[in-house]
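S.K.: Using the hints provided, position chain B relative to the given structure of chain A.
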Amino acid sequence: MNKLILTTAVLALAAGGAMAQDVVRMGTEGAYPPWNFIDDNGDVAGFERELGDELCARAELNCEWVTNEWDSIIPNLVSGNYDTIIAGMSITAERDEVIDFTQEYTPPDPSCYVALSDDVDVDGGIVTAQTSTIQAAFVAEAGATLVEFATPEETIAAVRSGEADAVLADCSYLQPIADEEADLVMLERNEQIGGGVGMGLRESDADLKAKFDAAISSMKDDGSLNALIEKWEVASTF
Amino acid sequence: MFSTCADPSTLDGLSWLACYLTTGKHMAFYLSFGTVLLLLAVTAPAALLFGFGGAAAARSRFAPLSWLGKAYTSIVRGVPDIAFFLFFVIALDQAFEYVRHRVKCPDWSEPVRQGNDFVVCTAAKLPLSTSPQWVHETYGFLLAVLTFAIVFGAFAANVLYGAMKAVPRAQMETAEAYGMTHRQAFWRILVPQMWVYALPGLGNLWMILIKATPLLFLLGVEDIVYWARELGGTKAARFTAYPHGDWRLYYFGALLVFYLFLTWVSEKVLARVMARLSHGQATAAGEAMRKAGA
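Protein chains in written order, with full-length UniProt numbering: chain A, 1 to 238; chain B, 1 to 294.
Treat the hints loosely; a few may be bogus.
Partial selection, computed: residues in chain B whose CB lies under 8 Å from chain A [said to hold, decoys possible]:
(1) 24
(2) 114
(3) 246
Taking lysine-lysine pairs in the DSS-like style, the calculated list, with each CA pair at most 27 Å apart, reads [stated by the list, open to error]:
(4) 104/B / 125/B
(5) 104/B / 165/B
(6) 211/A / 125/B
(7) 231/A / 25/B
(8) 211/B / 268/B
(9) 211/A / 231/A
Here are a few chain B residues that face chain A, going by a calculated C-beta distance under 10 Å [as the list claims (entries may be wrong)]:
(10) 115
(11) 193
(12) 195
(13) 197
(14) 241
Hints were generated in silico from the structure; no laboratory data involved. Each residue gets a CB set at the ideal place from its N, CA and C atoms; glycine is no exception.
Next comes chain A alone, as it looks inside the complex:
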């Protein structure tokens, strides 16, 4: 019986050989809860895992999850190691020159600061952010001294150790940490930076982009996207 299924599958594949991709590889970082993280079983989980699986179901795509370092996530997309980036990546003009984005699946949200105490000086002090993020670009432009780290985890550790006065990141990433860790506080001050978050694709993959755009629209229309955003507390709703 299995053989029969296999043969049918092979035939189906051979028949559709000219079609684009049969498997869409979804690239994510896996270190940025609640957006994406590795669960206790070692699988990719989080808001974007559920969102991506739902989008793939709606677009009738067969998707597979891959993790990649944040630093090299764009180069590996353009060289074809995976087909999409779904990693809490804000849509910015600089990134848009290199890759394409779908429409946003979370609206633009302010970024937050977390520090050891309320009275740190985020204008003149040392602020840390993850490398190649919109927050890092913002701090570099602003007056504070920027210290970059490859992973979000290390930025928090830098605040703890006193290497940096505060960390600037998405509020949704910092909120659970500030809630659970007694020594860290979230500052009142927010920074309004960046656009919404979208999926990144190669500029040559217009078909795939159209499919995901349509799936995101349908999730926006029936309210399931808002429900998912609220469930994972990643952003404000549409």
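M.R.: Just chain B now, with coordinates in the frame of chain A:
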């Protein structure tokens, strides 16, 4: 793993730890030690092969081959490892795909380079995008082995080239006097005797190779350093059944012990091999052994 692990929040002490250390994530961590050992086991002979080829080429009396061997050793040794690992692997992967693209899709009209994108036809993808994840991982692993072999092969070539020169000229002259051809003298006299001169250098390379394995993660292979960082990071209770603080120190401590153990065992083994190779050789160590035996 254990039936008691269903609700970790009720556990404490050792039973919590037992459950924590047997999560699926930790199993992946333990498996990655195997990945590192496998990489070492495959890369070391492959690098030695590259090194032997490079050294033999550099010694060749056919000038272009000699230039090739010398260029290989000097260029690869001169490029920083990290640059080599970041640039070369992507280039190598694209080269493979380009060749396959040319062979499999001759009637493809669009350019391969479209702006920043590298686009080959679906059939030329390596591995095929339809392949399961383990094929992608194996392919990444093999690319890593090849890159390590090329980099460390260049150093090994230099060591072996020196070792070949260190074999006393009189030995080769004797071989020639017996009427051996160059090829025969090379394989029967030079190669068996050069190892004793090469071993200190090769032993050093082996130690450096052990320490260089964390570069694996740059190539997308999830090695022990990746898992140590992932597992040691702060885990908030919302996202895991086993919340904990920043435990990276303990995980990296475990890696320290693992690497120290590996290098310690290597030193013991290398010392034994050296003793074996020195036996009967016209070196200081061989002479000392002869005197001790007499």
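S.K.: Confirm or reject each hint.
M.R.: Structure-based check of each hint:
no. : hint          : result
1   : 24            : holds, 4 Å
2   : 114           : holds, 5 Å
3   : 246           : holds, 6 Å
4   : 104/B / 125/B : holds, 10 Å
5   : 104/B / 165/B : violated, 47 Å
6   : 211/A / 125/B : holds, 22 Å
7   : 231/A / 25/B  : holds, 24 Å
8   : 211/B / 268/B : holds, 17 Å
9   : 211/A / 231/A : holds, 25 Å
10  : 115           : holds, 6 Å
11  : 193           : violated, 46 Å
12  : 195           : violated, 40 Å
13  : 197           : violated, 41 Å
14  : 241           : holds, 6 Å
The structure fails hints 5, 11, 12 and 13 (numbered hints given earlier, in ascending order).
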